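**Student:** For reference, the chains in residue letters:
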Amino acid sequence: MNVIEIKNLTKKYEVEGNTVTALENINLSIEKGDIYGIIGMSGAGKSTLVRSINYLEKPTEGSVLIDGINLSELNRKELRKMRSGIGMIFQGFNLLEQRNVLGNICFPLELMGVSRKEARDKARNLLRLVKLEDKERAYPSQLSGGQKQRVAIARALATNPRILLCDEATSALDPQTTAAILKLLKEINESLGITIVVITHQMSVVTKICGKVAIIDGGKLVESGLVEEIFAQPKSDAAKELISGKNIRYTPIKKLYAQDTIRIVFRNNSAYEPVLANVVLKLGYPINILKADTQNIAGKAVGEMILGLPDDEKAGKEIIAYLRESGLTVTEGLKDE
Amino acid sequence: MNEQVINMLLEGISDTLYMTLGSVIIGYIIGLPMGIMLYVTGENGLNPKRIIYSSVDFICNIIRSIPFLILLILLIPFTRLVVGKSYGSTATIVPLVICAAPYIARVVETALNEVDTGVIEAAKAMGANNIQIVVKVILLEARTSLISGFTITTGILLGYSAMSGTVGGGGLGDIAVRYGYYRWQTDIMIITVILLIVIFQIIQMIGTKVAIGLDRRKRKGN
Numbered sequence: 000m001n002v003i004e005i006k007n008l009t010k011k012y013e014v015e016g017n018t019v020t021a022l023e024n025i026n027l028s029i030e031k032g033d034i035y036g037i038i039g040m041s042g043a044g045k046s047t048l049v050r051s052i053n054y055l056e057k058p059t060e061g062s063v064l065i066d067g068i069n070l071s072e073l074n075r076k077e078l079r080k081m082r083s084g085i086g087m088i089f090q091g092f093n094l095l096e097q098r099n100v101l102g103n104i105c106f107p108l109e110l111m112g113v114s115r116k117e118a119r120d121k122a123r124n125l126l127r128l129v130k131l132e133d134k135e136r137a138y139p140s141q142l143s144g145g146q147k148q149r150v151a152i153a154r155a156l157a158t159n160p161r162i163l164l165c166d167e168a169t170s171a172l173d174p175q176t177t178a179a180i181l182k183l184l185k186e187i188n189e190s191l192g193i194t195i196v197v198i199t200h201q202m203s204v205v206t207k208i209c210g211k212v213a214i215i216d217g218g219k220l221v222e223s224g225l226v227e228e229i230f231a232q233p234k235s236d237a238a239k240e241l242i243s244g245k246n247i248r249y250t251p252i253k254k255l256y257a258q259d260t261i262r263i264v265f266r267n268n269s270a271y272e273p274v275l276a277n278v279v280l281k282l283g284y285p286i287n288i289l290k291a292d293t294q295n296i297a298g299k300a301v302g303e304m305i306l307g308l309p310d311d312e313k314a315g316k317e318i319i320a321y322l323r324e325s326g327l328t329v330t331e332g333l334k335d336e
Numbered sequence: 000m001n002e003q004v005i006n007m008l009l010e011g012i013s014d015t016l017y018m019t020l021g022s023v024i025i026g027y028i029i030g031l032p033m034g035i036m037l038y039v040t041g042e043n044g045l046n047p048k049r050i051i052y053s054s055v056d057f058i059c060n061i062i063r064s065i066p067f068l069i070l071l072i073l074l075i076p077f078t079r080l081v082v083g084k085s086y087g088s089t090a091t092i093v094p095l096v097i098c099a100a101p102y103i104a105r106v107v108e109t110a111l112n113e114v115d116t117g118v119i120e121a122a123k124a125m126g127a128n129n130i131q132i133v134v135k136v137i138l139l140e141a142r143t144s145l146i147s148g149f150t151i152t153t154g155i156l157l158g159y160s161a162m163s164g165t166v167g168g169g170g171l172g173d174i175a176v177r178y179g180y181y182r183w184q185t186d187i188m189i190i191t192v193i194l195l196i197v198i199f200q201i202i203q204m205i206g207t208k209v210a211i212g213l214d215r216r217k218r219k220g221n
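Going line by line, the protein sequences match chains A and B. Oh and the first sequence: position 168 is 167 in numbering that gives the first Met the number 0, straight run, nothing missing. Oh and the second sequence: position 95 is 94 in numbering that gives the first Met the number 0, straight run, nothing missing.
Keep in mind the hints are simulated off the structure, nothing from the lab. Any given hint might turn out to be false.
Simulated DEER-style distance windows between Cβ atoms [claimed, not checked]: (1) B:L73 / A:K76: 22 to 28 Å; (2) A:P174 / B:K48: 27 to 33 Å; (3) A:K11 / B:K48: 38 to 44 Å; (4) A:G84 / B:I58: 38 to 44 Å; (5) A:D66 / B:I50: 36 to 42 Å; (6) A:A171 / B:N112: 21 to 27 Å; (7) B:I72 / A:E77: 30 to 36 Å; (8) B:I50 / A:E77: 26 to 32 Å; (9) B:I50 / A:R75: 20 to 26 Å; (10) B:E42 / A:R75: 34 to 40 Å; (11) B:N112 / A:R75: 39 to 45 Å; (12) A:G326 / B:N46: 56 to 62 Å; (13) B:I62 / A:G84: 33 to 39 Å; (14) A:R115 / B:F77: 45 to 51 Å.
None of these values were measured; they are calculated from a predicted model. Where a beta carbon is used, it is the ideal one built from N, C-alpha and C, also for glycine.
Throw the hints in and build the complete structure from the sequences for me.
**Tutor:** This is how it looks when you write it as structure tokens:
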């Protein structure tokens, strides 16, 4: 069953008499145990979308279902109870500055009326999980960004949530700290089975931990599906831009003007096989690698190469046929028109 | 300086402290909830209510725009109604409170507005209700600003309590006016002024110490 089900969600704002549509007719299903990425450029509406999941933003139209429960049908008290089962972490960490680490993690438990001792025991366990046992008495101002986000994660997990929402949680961190936090999120997902929704503008975050991704552009969901599929064959302009902007620069097909130039796209471990070497060995034709850009995504190799083929037309056809047989997507160069 | 003058000054000090602390405490009893109300019902507050906000806002502005000396005189009938007479230090507390409450409300509102909206959003996401957000998040996170505001307010009320001496309010201001101004006893006036300065410094020092001591934002080391 889908843990999160977003149906026909539209969100409009009134800004000085004008209506601004932040999100338009979004449909999204997130399964239990997924790490689901929602990616888009800034201003695309992804923060509004994640805030709709716990109803910090009420949709103008459409509905959000958590475990089959429609949030619009809950009264305020029921909604607050529902929210306590959905953890959330933020780009700015949003820790209580006047409380120490332990106090911050105990806070959501305090709200629920859990006894002080029980809350502290729980908080200490969570501090072990995020590897900050020695910092329980420190105040947020004494911690680094990565440590603050770890505290925020521990705090978000205190109420044993089924869902963890991450709003640009690594955007304020350096690359190494980002990698460590993403690793921690992945561990939490695997060990606790929590469904994680990751909002980001960085493709690298999605490729590192997400299984599925939705691309938001101009308030609309333009593409969604398995990360490696979208990465290999981005259909929307937004997806292409996001992929090329941060990681692999897919060569526009128009640029492959020469007849003897082809683009091959790797997927599903095919980059681990010596495909190109085999072409040369088996067919005996020389191949020129003009550009190569591949990357490991969730255990699968994804990327592209631009190859220059021999002048011999027959040789070119044989090579293309062989590459297709090996499971690669081949795009032939287009003639100048 | 004879014993009589010393006793008079000691009485003046205790009257001044009585008026200042009395008015600041009662002022906060009225002004703090008013400030919280302004914050909560404000445009970006937890529960925006335009009509409530504008009414409280309007009352605050009106009272704050009347000079204290005028307020003191205007309120004489009201003061007589509340404490039975219009002179003496207890009677002075009435106009001081009326003057201070809207000022306190503003100081409180400003302090609360400084709390990071992200923290409030996080609390909402955790399922906190508005009362929990005000009590457990906003008032605690804003405590340093609140204490600084309290110190400033106390300092101002100390000055205003001295001003009330002109209408027989008692305290050091009263002594300064009666002896220094009407009787040309400059020495007594200077002593009262020095005493006021000392009291002001002590209040400011304690306030700053407490505010810094309670602030967890800049503390280094464990």
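**Student:** Check the following: the C-beta atoms of A:R115 and B:F77 are separated by a distance inside 45 to 51 Å.
**Tutor:** 47 Å, holds
**Student:** Given the hint of 34 to 40 Å, check if B:E42 and A:R75 actually sit that far apart at their C-beta atoms.
**Tutor:** 21 Å, violated
**Student:** Within 56 to 62 Å: is that where the Cβ-Cβ distance between A:G326 and B:N46 falls?
**Tutor:** Holds: the Cβ-Cβ distance is about 59 Å, inside 56 to 62 Å.
**Student:** Can you let me know if the beta-carbon spacing of B:I50 and A:R75 is within 20 to 26 Å?
**Tutor:** 22 Å, holds
**Student:** Within 27 to 33 Å or not, the Cβ separation of A:P174 and B:K48?
**Tutor:** 46 Å, violated
**Student:** Quick check on a hinted range of 30 to 36 Å for B:I72 and A:E77, using CB atoms only.
**Tutor:** 56 Å, violated
**Student:** Quick check on a hinted range of 22 to 28 Å for B:L73 and A:K76, using CB atoms only.
**Tutor:** 47 Å, violated
**Student:** Between the beta carbons of A:G84 and B:I58, is the distance compatible with 38 to 44 Å?
**Tutor:** Holds, at about 43 Å.
**Student:** Range first: 33 to 39 Å. Now tell me if the beta carbons of B:I62 and A:G84 are that far apart.
**Tutor:** 47 Å, violated
**Student:** Given a hinted range of 39 to 45 Å, is it respected by the beta-carbon distance of B:N112 and A:R75?
**Tutor:** Violated: the Cβ-Cβ distance is about 24 Å, outside 39 to 45 Å.
**Student:** Given a hinted range of 36 to 42 Å, is it respected by the beta-carbon distance of A:D66 and B:I50?
**Tutor:** 39 Å, holds
**Student:** Taking the Cβ atom of A:A171 and the Cβ atom of B:N112, is their distance within the range 21 to 27 Å?
**Tutor:** For A:A171 and B:N112 the Cβ distance comes to about 24 Å; the hint holds.
Going through the hint list in order, the structure does not satisfy hints 1, 2, 3, 7, 10, 11, 13.
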